[in-house]
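J.: Sequence:
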Amino acid sequence: MFQVLAVSTNTYHNFSLEDALKGISQSGFHYLELACVRGWTEHFSLQSFSEIDVKKLKEQCDLYKLKICSLSGHSDLSQPDGFENLKKAIDLAELLGVKIVNTGTVEKEDDLPIFYKYIQDLGNYALNKGIKVGLEIHGDVLKNGQAAKEFMETIHHPAIGINYDTGNCIFYGDSLPEEDIIHCLPWIVHIHLKDKIGGYKVWNFPTLGEGMVNFKNIFTILKEKQIDVPMSVEIEYSGSFDHPVSFVDECVKKSYDYLQKVIV
1 MFQVLAVSTN
11 TYHNFSLEDA
21 LKGISQSGFH
31 YLELACVRGW
41 TEHFSLQSFS
51 EIDVKKLKEQ
61 CDLYKLKICS
71 LSGHSDLSQP
81 DGFENLKKAI
91 DLAELLGVKI
101 VNTGTVEKED
111 DLPIFYKYIQ
121 DLGNYALNKG
131 IKVGLEIHGD
141 VLKNGQAAKE
151 FMETIHHPAI
161 GINYDTGNCI
171 FYGDSLPEED
181 IIHCLPWIVH
191 IHLKDKIGGY
201 KVWNFPTLGE
211 GMVNFKNIFT
221 ILKEKQIDVP
231 MSVEIEYSGS
241 FDHPVSFVDE
251 CVKKSYDYLQ
261 KVIV
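Taking our numbering, I'd label the letters of the sequence shown as residues 1 to 264.
These are computed hints drawn from the structure, not numbers from a lab. We treat Cβ as the ideally placed atom computed from N, Cα and C, and that holds for glycine. Heads up, some of the hints might be wrong.
Said to hold, decoys possible - Only pairs whose alpha carbons sit at most 25 Å apart, straight line, appear in this in silico PhoX-like list of lysine-lysine:
no. : residue 1 : residue 2
1   : K99       : K129
2   : K87       : K58
3   : K22       : K253
4   : K88       : K58
5   : K253      : K65
6   : K149      : K67
7   : K201      : K67
8   : K149      : K223
9   : K56       : K67
10  : K58       : K108
11  : K67       : K261
12  : K201      : K225
13  : K225      : K253
14  : K143      : K65
15  : K253      : K58
16  : K65       : K201
17  : K149      : K65
18  : K55       : K87
19  : K254      : K22
20  : K108      : K129
21  : K216      : K261
22  : K108      : K56
23  : K88       : K56
To be verified - The calculated label-pair distances, taken between Cβ atoms and stated as ranges, are:
no. : residue 1 : residue 2 : range
24  : E250      : Y116      : 22 to 32 Å
25  : D121      : E179      : 19 to 29 Å
26  : Q60       : Y116      : 30 to 40 Å
27  : Q26       : N124      : 13 to 23 Å
28  : I114      : F247      : 35 to 45 Å
29  : K223      : P244      : 35 to 45 Å
30  : K201      : E51       : 23 to 33 Å
31  : H156      : E18       : 35 to 45 Å
32  : E179      : E51       : 17 to 27 Å
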């Protein structure tokens, strides 16, 4: 099980895609989640790309013997424009042969009517291209597994699932992932492996193994339920991004080594 272990290139926020590919490859990983988030970590722009751009991206990944297993196309789904942006991520995924596109949802309960108005159309768009959309545990609305269960039961679309984030459920939902994940297991299509120091609303997402997340218990639950989905390491540090790339490389390598110990 757990054949697809990746690193989100968001871990290399403020660094180039080349830096990310080099560090991820040297650490021992074979897969990556490509960050395409406008205004944050944009290692590939969704706004205007050609088949030549996509070909170059594939060649760049091939050079480091890496495969893209998912896209981070996080969009503001409280606005119609956000759904259009996410469709561009789905288009890119189709060209790359990638089957999962992850995104955030909304930040306020008041924005849910817009979200529910457009989500079925988005699901149909993804379904027609053979792609699944992973709604991430992120923000104060889709804040933990229980909230995810309610979202999924309301949406009820075969192309819409959950990107379960093991650190965000603590930060936003004040919930321990090893207890919380059971609520949304049937809908999980992707997992962010993110550790956490401190509790609710404390921004500290360290190297895997240095925080409070019980990954071993999470992997045991996934094995028991025979859930084998792509999982990407995401490290977002303590809110400061002024470290050198060598520090990021070290965090990624330590995370790889940690995973080899707890995934048995």
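J.: Each of the hints needs a verdict: does it hold here or not?
T.: Results of checking the hints against the structure:
no.: 1; hint: K99 with K129; verdict: 9 Å, holds
no.: 2; hint: K87 with K58; verdict: 20 Å, holds
no.: 3; hint: K22 with K253; verdict: 12 Å, holds
no.: 4; hint: K88 with K58; verdict: 17 Å, holds
no.: 5; hint: K253 with K65; verdict: 17 Å, holds
no.: 6; hint: K149 with K67; verdict: 30 Å, violated
no.: 7; hint: K201 with K67; verdict: 33 Å, violated
no.: 8; hint: K149 with K223; verdict: 20 Å, holds
no.: 9; hint: K56 with K67; verdict: 13 Å, holds
no.: 10; hint: K58 with K108; verdict: 37 Å, violated
no.: 11; hint: K67 with K261; verdict: 23 Å, holds
no.: 12; hint: K201 with K225; verdict: 30 Å, violated
no.: 13; hint: K225 with K253; verdict: 29 Å, violated
no.: 14; hint: K143 with K65; verdict: 35 Å, violated
no.: 15; hint: K253 with K58; verdict: 23 Å, holds
no.: 16; hint: K65 with K201; verdict: 37 Å, violated
no.: 17; hint: K149 with K65; verdict: 37 Å, violated
no.: 18; hint: K55 with K87; verdict: 20 Å, holds
no.: 19; hint: K254 with K22; verdict: 15 Å, holds
no.: 20; hint: K108 with K129; verdict: 30 Å, violated
no.: 21; hint: K216 with K261; verdict: 9 Å, holds
no.: 22; hint: K108 with K56; verdict: 39 Å, violated
no.: 23; hint: K88 with K56; verdict: 18 Å, holds
no.: 24; hint: E250 with Y116: 22 to 32 Å; verdict: 43 Å, violated
no.: 25; hint: D121 with E179: 19 to 29 Å; verdict: 35 Å, violated
no.: 26; hint: Q60 with Y116: 30 to 40 Å; verdict: 38 Å, holds
no.: 27; hint: Q26 with N124: 13 to 23 Å; verdict: 41 Å, violated
no.: 28; hint: I114 with F247: 35 to 45 Å; verdict: 40 Å, holds
no.: 29; hint: K223 with P244: 35 to 45 Å; verdict: 37 Å, holds
no.: 30; hint: K201 with E51: 23 to 33 Å; verdict: 43 Å, violated
no.: 31; hint: H156 with E18: 35 to 45 Å; verdict: 42 Å, holds
no.: 32; hint: E179 with E51: 17 to 27 Å; verdict: 46 Å, violated
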